[in-house]
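Given next are the chains, with one letter for each unit.
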Amino acid sequence: MNARTRAIALATFRESVRDRLLLLVVVFAIALVLFSRVLGWLSVEDELKMVQDFSLTGLSLLGLFLAVLVGAGSLAREVERRTVYTALTRTATRAEFIVGRYAGLVAVFWLCQLGAAALLAGWIVVWGGALHGAFFAAVAGLLCETLVLTAIALFLGALAAPAIASVGTLAAYLVGHGTEALRDLTANGRNPDFAMAFEVLYRVLPNLESVNFINATTSGRPVDWGALGMGALYAACWAVAFLAGAVALFRRRQF
Amino acid sequence: MSTVVLAEALQKSFRPSAFGPAVHALRGVSFAVERGECFGYLGPNGAGKTTTMKVLTGLMTPSSGRVELLGGRPSEAAARRGLGYLPENPYFYEHLTPREALEFYGVLSGLDARTVRERSAALLERVRLTDAADRRIRSFSKGMRQRFGLAAALVHEPELLMLDEPLSGLDPAGRHLVKEIILEERARGRTVFLCSHVLADVQELCDRVVVLHKGQIARAGRIDELLDSSPRSFELCAAHVPDALRETLRARATLFRESGDTVTAHLAGAEAGPELAAAVHAAGGRVLSLVPDRETLESWFVRVIQREGPAPGSDA
Amino acid sequence: MPAPGVPAWVVAALALGGAVVLQGPLGDSNALRRRNDFRYTPDTDVVRVLSFGHRSTAADTLWLRALPDFSREFSDLDQKRRWLSGVLDIAVELDPTFLTAYTFGATYLSLIDRRSEEAVALLERGARKFDEIEQADGRTYPAGTRVRVELAMAYWMLRRDRDATIRELQIAAQRPDCDELTRGMLVGLMIGDRDDLLALNYAAANTEHSDPLVRDRARLEYERTKLRIARRVANDFEAREGRRAKDLAELALGQALGDTVATLVADGLEVDAEGRVVSARFDELNWAESIRALEYAARIYRDDYGCWPDAAWLNDNKLFVARGENMPPHTHVAIDADGRVTFAPDEPETAPGDGDRGDAEAE
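Chains as they are written, first to last, in my numbering: chain V, 1 to 255; chain C, 1 to 316; chain H, 1 to 363.
It is worth saying that the hints were derived from the structure and are not from the lab.
Glycine included, each C-beta is placed from N, C-alpha and C at the ideal position.
Check before you lean on any hint, since a few could be wrong.
[To be verified] A few chain H residues that don't get close to chain V, going by computed Cβ distances all over 10 Å:
| no. | residue |
| --- | --- |
| 1 | Gly5 |
| 2 | Ala8 |
| 3 | Ala12 |
| 4 | Arg240 |
[To be verified] The calculated SDA-like cross-link candidates involving lysine to any residue, where the alpha carbons are at most 25 Å apart (straight line), are:
| no. | chain 1 | residue 1 | chain 2 | residue 2 |
| --- | --- | --- | --- | --- |
| 5 | H | Lys318 | H | Glu284 |
| 6 | H | Lys129 | V | Val223 |
| 7 | C | Lys179 | C | Arg126 |
| 8 | C | Lys142 | V | Arg20 |
| 9 | C | Lys179 | C | Glu157 |
| 10 | H | Lys129 | V | Ala181 |
| 11 | H | Lys129 | V | Leu228 |
| 12 | H | Lys246 | H | Leu264 |
| 13 | H | Lys80 | V | Leu42 |
| 14 | H | Lys129 | V | Asp184 |
| 15 | H | Lys129 | V | Glu47 |
| 16 | C | Lys142 | V | Arg18 |
| 17 | H | Lys129 | V | His132 |
| 18 | H | Lys129 | H | Glu118 |
| 19 | H | Lys129 | V | Gly133 |
| 20 | H | Lys129 | V | Trp225 |
| 21 | H | Lys318 | H | Ala297 |
| 22 | H | Lys129 | V | Gly189 |
| 23 | C | Lys142 | V | Arg77 |
| 24 | H | Lys80 | H | Pro42 |
| 25 | H | Lys129 | V | Arg183 |
| 26 | C | Lys142 | C | His95 |
| 27 | H | Lys129 | V | Leu48 |
| 28 | H | Lys80 | V | Leu39 |
| 29 | H | Lys129 | V | Asp224 |
| 30 | H | Lys129 | V | Pro222 |
| 31 | C | Lys142 | V | Thr83 |
| 32 | C | Lys142 | V | Glu80 |
| 33 | H | Lys129 | V | Ala227 |
| 34 | H | Lys80 | H | Asp45 |
Use the sequences and the hints to build the structure in full.
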């Protein structure tokens, strides 16, 4: 990352961190973590399971909301406010602008998620739970998910209006977590006529389940770190693909 | 003199909606801006001024034609290294302070952060924003934003300044300050490409202008050549004018005023003013002033535009 | 819109008042509607897809949604059954490690809904799921042990199936996180079956454990096992001879148990003057465990009331600890200012433990 990309990332980071919307989203995340404790009390046993499950799902939703509310409208906001005019008429290229913007957004989103995760970890320890490797794997997986979602949000933001980009990002999240169903539909010889089509779809759609380690967390099952590493690489591939797509679209953009 | 900006047969068309008709914002615009001059780019709303600036700065690509910016293509980052651009009604990252924003723009223009920090204080002082250096830009008035925009355009000491309406939204002191800075930059040998509606300022600052109308160049040339330098009328103010001569003045003036012993007469034509002033003097009267009324850029501009026909309602 | 001249806050207060007043009758109506509420039980596959990867959270959500319904009265009992069976089914399918769904679900099915076989089936399913998971992960989980123990209890209480109970307890007892209570239960069943060597073997599992607390408890259980075996032989003797044996030799443990078991059992045991089999080692370990239990109870008391309990509270027989073999004869419980509990000798005229001592069987 060169100095210009870093400068764009830093400006994006500062701008986003100071934005009130972000504050609102973070308050929501913290409230969710605290509320999960209430849900824990409501359950008969397994309070910590409830706290972890709901909090980690909350962290995932936090990443989604940030991508939808901040990421998807990010480029449109730049164009609408014409801040892009003062940036792109300098020596920075459009690719540097997109990559810098992406890096800044991801840094902010990760900061929010890691902050909430630290709060959750504190909760778990205070309430006598143990932090298994699976917890850290789940958080790492969520960060990878955010990597992909932010890239999708920027790509869609470069392609369409912010509202459509937001809906698209939300749809990508749902599809990304639903693609495993394509395999289930053809498992054990079911629907053989669609097996090939489903397999193709399964391969070409971003599968966020590859970095979803939440379900293994609460029972403290051992983490397949190899799978997490491969999942991270997979997420990085998708992030780069969407980011490259965003750059290609942004290069053609007329302001 | 070398050419800093070159536009050759520039055309730019848009299609605002997928099935709507195309809008031709530029229809074969050609001009050149030479190093060290202050170039005025004028035109009514919707003439294509902003589109031209976007094409020149690389924010847009032309549909056809050739553009050169500082010896390269505007789409090349290297060509933009020497460009300092201030867009119309500029917006900046609202949550940054001017100091942070200057660092951002400086680094984007190829400077290292330390150099920018060294320059920041002097630059903010130059645009009278030292007191607001650590306030967020979101709290700035329009005039402060405009002045900060100028500082951001100057941070990397560019050889070409492209300023789109740099004087809009400024109070008189602000206008004076910005004009002073533009003149100083010119004196340092920088080229200034100025786009403004305030034609009195353009006349004051620019050597040469181009008037764009309906996407085409309507007029171009040096201001002193374009404007008729001979006086169109005179305003004569005199005292102790004998009665006979007073009546002559009343008869020949298009507008005549008396205030005690003093008379003021607007005299049409290039000869009547000096001739009657001499007569007053010869008759023992006292000529207080004889002011010629020459054509201004504004009146010239209105004349040109009226001759070319009505302009579309909005800026392209 | 507020009429001209009426302050907006007055209108807001009136509207709020209206809402507060209406909430009363609405609440009654809501309760009526809720009571006859129709519960849609979704398909597991559908829930799996719609959980969008958050299967464990979806299971929790469904569980929390259904939890009040376990105790709520439904006008249609079949509907309640369908709904809660569906919830249990989906919850454990979405999260196979959902321990509460197995244990609480089985308790509800057996004790409240009186469907013992479904309760057993749910726990069997849990045991199967944990087997699969543990095999895949190459390790055991405490929740897996807990399900096994619950299953053993279900076999014992709901089916009266002694063999199945022993089988499950044996599986549980071989796991590293099996507690002494479970192991004690298995050992008790084995002693009843006169499978003494195996009982001793299970009881000896943690007698050399590195954790002194685990080790002491295991040793206590081991000594208790020996005592129980010997007392069974003593009871047989009394039934046969019509009197108690005078000493250990008269009991002829080797003849009753075989030489190996007899050697293991006889170590440290003796027959007292009244013909009861006793063990000084067992007493020592048992009383130490009593002290631990009493100090634990005292700590809970302090947490609740902010001060240490007095000795009378600790000597109250409602605390199962302070009675019989669990405390030395002619003593009572005493507690000092730091919460340390001891057994203090009784004054001759006030002997709270007197007469109680020795009546309780170790079983």
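Practice item. With a cut-off of 25 Å on the C-alpha distance, tell me whether H:Lys129 and V:Asp224 pass. Key: With a Cα-Cα distance of about 19 Å, the restraint between H:Lys129 and V:Asp224 holds, given a limit of 25 Å.
Check your understanding: Does V:Arg20 lie within 25 Å of C:Lys142 when you go C-alpha to C-alpha?
Key -> 22 Å, holds
**Study point:** Exclusion check [H:Ala8 not at the chain V interface, CB over 10 Å]
**Key:** The assertion about H:Ala8 holds, with a minimum of 27 Å to chain V.
Review point. Is H:Lys129 close enough to V:His132, meaning Cα to Cα at most 25 Å?
Key: Measuring from Cα to Cα gives roughly 21 Å; hence the hint holds.
Point to revise | Pair hint H:Lys80 and V:Leu39, alpha-carbon separation not exceeding 25 Å | key: Holds, at about 23 Å.
**Study point:** Satisfaction of hint between V:Leu228 and H:Lys129, Cα-Cα up to 25 Å
**Key:** 24 Å, holds
Point to revise | Closest CB of chain V to the CB of H:Gly5 still more than 10 Å away | key: Label holds. Min Cβ-Cβ 37 Å, cutoff 10 Å.
Practice item. Would you check the hint for H:Lys129 and V:Trp225, treating anything up to 25 Å between C-alpha atoms as holding? Key: 23 Å, holds
Exercise for review: For the pair supplied as a hint, H:Lys80 and V:Leu42, confirm whether the alpha-carbon distance does not exceed 25 Å.
Suggested key: Holds, at roughly 20 Å.
Exercise for review: Starting from C:Lys142, check that the Cα of V:Glu80 is at most 25 Å away, please.
Suggested key: 17 Å, holds
Review point. Would the pair H:Lys129 and V:Ala181 pass a check requiring their Cα atoms to be no farther apart than 25 Å?
Key: The given pair, whose Cα atoms are some 21 Å apart, holds under the 25 Å limit.
Point to revise | C:Lys142 paired with V:Arg18 [C-alpha distance capped at 25 Å] | key: 21 Å, holds
Checked against the numbered hints above, the structure violates none of them.
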